[in-house]
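Novice: Residue strings, one per chain:
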Amino acid sequence: MNNLLYKELKLSINKFFYLLPLILAALMFIPNWIYTLVFMYFFWITIPQIYGGYIGQKDNSFINMLPVSKKEIVKSKIHAVLILEALHLVTAFLLGLVHNAIYGSYNFFFDINLAFVGIILMMFALFNLVFFTNYFKTGYFFGRPTVYGVVVTLVYAFIVEFSVAKYQGVRDVFEGDFSNQLLVFVVGLIITVLLSWVTIKQSIMHYESIE
Amino acid sequence: MNSIEVKGLKKTYKDFTLKDVTFSLPSGYIMGFIGENGAGKTTTINSMLNITKRESGSVRILGFDIDTDEFSIKRNIGFVSGESFYHKKKVKVVTDIYKRFYDDWDDDVYQSYLRRFNINPEKRIDELSKGMAMKYLLALALSHHAKLLILDEPTSGLDPVARDNLLEIFQTLVEELEVTILFSTHITSDLEKCADYITYIQNGQIVESSSKDDLIDKYRLVTGSKEDLVYIKETIISYKTNAFGFNGLINSRDVLNKGDLRYGQPSIDDIMVYFAEREATHE
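Respectively, the protein sequence lines represent chains G and Z. Counted from 1, the first sequence has number 205 at position 206 by numbering that gives the first Met the number 0; the numbering is strictly sequential. Counted from 1, the second sequence has number 186 at position 187 by numbering that gives the first Met the number 0; the numbering is strictly sequential.
Among the clues, some could well be false.
[To be verified] Straight-line C-alpha distance at most 30 Å; calculated DSSO-like pairs for lysine-lysine:
#1 Z:Lys87 / G:Lys74
#2 Z:Lys87 / G:Lys9
#3 G:Lys57 / Z:Lys87
#4 G:Lys69 / Z:Lys89
#5 Z:Lys98 / G:Lys69
#6 G:Lys74 / G:Lys136
#7 Z:Lys9 / Z:Lys217
#8 Z:Lys146 / G:Lys57
Hints listed in this document are in silico derivations from the structure and should not be mistaken for laboratory results.
Could you put the whole structure together from the sequences, leaning on the hints where they help?
Specialist: Given below as structure tokens:
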């Protein structure tokens with residue numbers, strides 16, 4: 000699997016997508032904004048570009064030559080995306096901390112804090128679940144899986160941002176003291192790990208059953 | 000020993016079925032896998048290698064069962080799907096990735112093939128001609144000491160010179176390294192040049208699988224007047240009429256010396272064309 004992951008990161012994914020997290024993270028400097036949007040560019044730009052790239056570069060023809068299992072193929076592709084997502088999250092959060100130092104931490108929408116990291120982790124996990132389980136039904140077509148993933152994450156982000164902006168009780172939970180934020184982060188992390196596990200299992204099952 | 004043994008392979012798609020595909024290829028020989036476009040060549044190869052799921056049938060490659068020893072098989076064969084990939088990447092970059100998957104990768108052998116085939120590792124894949132790209136894929140396969148090469152349409156899209164050059168390389172590989180080669184093609188002149196065995200698939204079914212000489216001996220071209228057709232109408236595989244009479248293909252065992260019937264040796268092209276004609280007539 001490590002060789003396949005290396006192949007994904009070195010051969011299949013363009014170097015631009017390792018720079019993009021830094022470019023997009025600069026959006027965290029916009030004052031008073033909906034910061035969940037920063038991570039959505041990943042779903043709108045990176046995912047279709049990478050998965051379109053697989054088709055354009057005839058990735059399947061290359062993989063078919065190799066002594067690898069379908070399970071390894073699925074895992075390597077998902078792990079590569081997880082690495083990119085982690086890169087987006089870390090760079091954006093670090094610049095988010097700088098944002099807080101410059102403008103203060105108050106935001107009309109969701110603040111940039113530890114709970115926000117938990118919320119974004121879950122958003123990534125949700126997108127991955129919808130996108131990958133649908134993508135690996137064909138291992139080729141990425142359009143519909145991307146649209147489904149984007150719609151689900153838009154609804155998710157809308158609910159979260161709207162709730163925080165509209166209801167004080169929700170704001171208290173997500174933007175209260177550090178222990179509250181830590182709790183949201185830990186719960187988010189656990190849900191993310193569980194959803195990622197389900198994503199990988201389901202995707203392998205779908206890919207192995209392709210006729 | 001057989002390098003490939005395929006028995007009763009079956010695979011059904013919505014509008015196409017691979018029916019009971021059975022053939023074998025002895026080690027150290029070249030087999031041409033022929034058929035029209037859409038006859039099932041790629042589906043057979045993909046099903047053999049577990050790239051697509053097959054419904055039934057068994058596949059043994061280099062003595063191993065594909066279901067239980069898929070990875071040892073894939074480590075010991077070279078499979079080229081006929082399409083090049085990662086066109087914008089340099090040869091050396093693709094090789095650097097590819098070789099990681101093979102424990103017995105031999106860099107000296109790889110370098111020697113690059114020199115022999117005159118491939119510059121600094122070039123991008125799309126800077127190589129189609130023939131050169133195919134040679135590069137062969138170099139990759141041979142550098143991990145593949146004992147069997149399975150090549151899907153390797154000569155497709157090549158000019159006659161590049162094709163001839165590639166077929167000569169096939170023959171050299173068999174002679175020098177005792178490599179076994181199965182290659183699919185719809186260009187029958189490829190087979191006249193270098194195939195020892197031929198497997199002919201039509202509409203998902205194997206029509207013939209035998210040595211090239213046996214295949215040609217098995218059939219006869221037949222010509223005669225329209226009146227003569229009555230003698231062989233029941234046994235002739237298919238025929239075409241013209242102003243002077245008819246031309247057709249018949250099994251050698253059905254040859255009858257009656258009237259003005261004349262017989263000749265068919266080419267592989269003739270065999271393919273008349274079997275296709277029979278299929279069209281039946282439809």
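Novice: Need the list of violated hint numbers for this structure, in ascending order.
Specialist: The structure conflicts with no hint, since it agrees with every one listed earlier.
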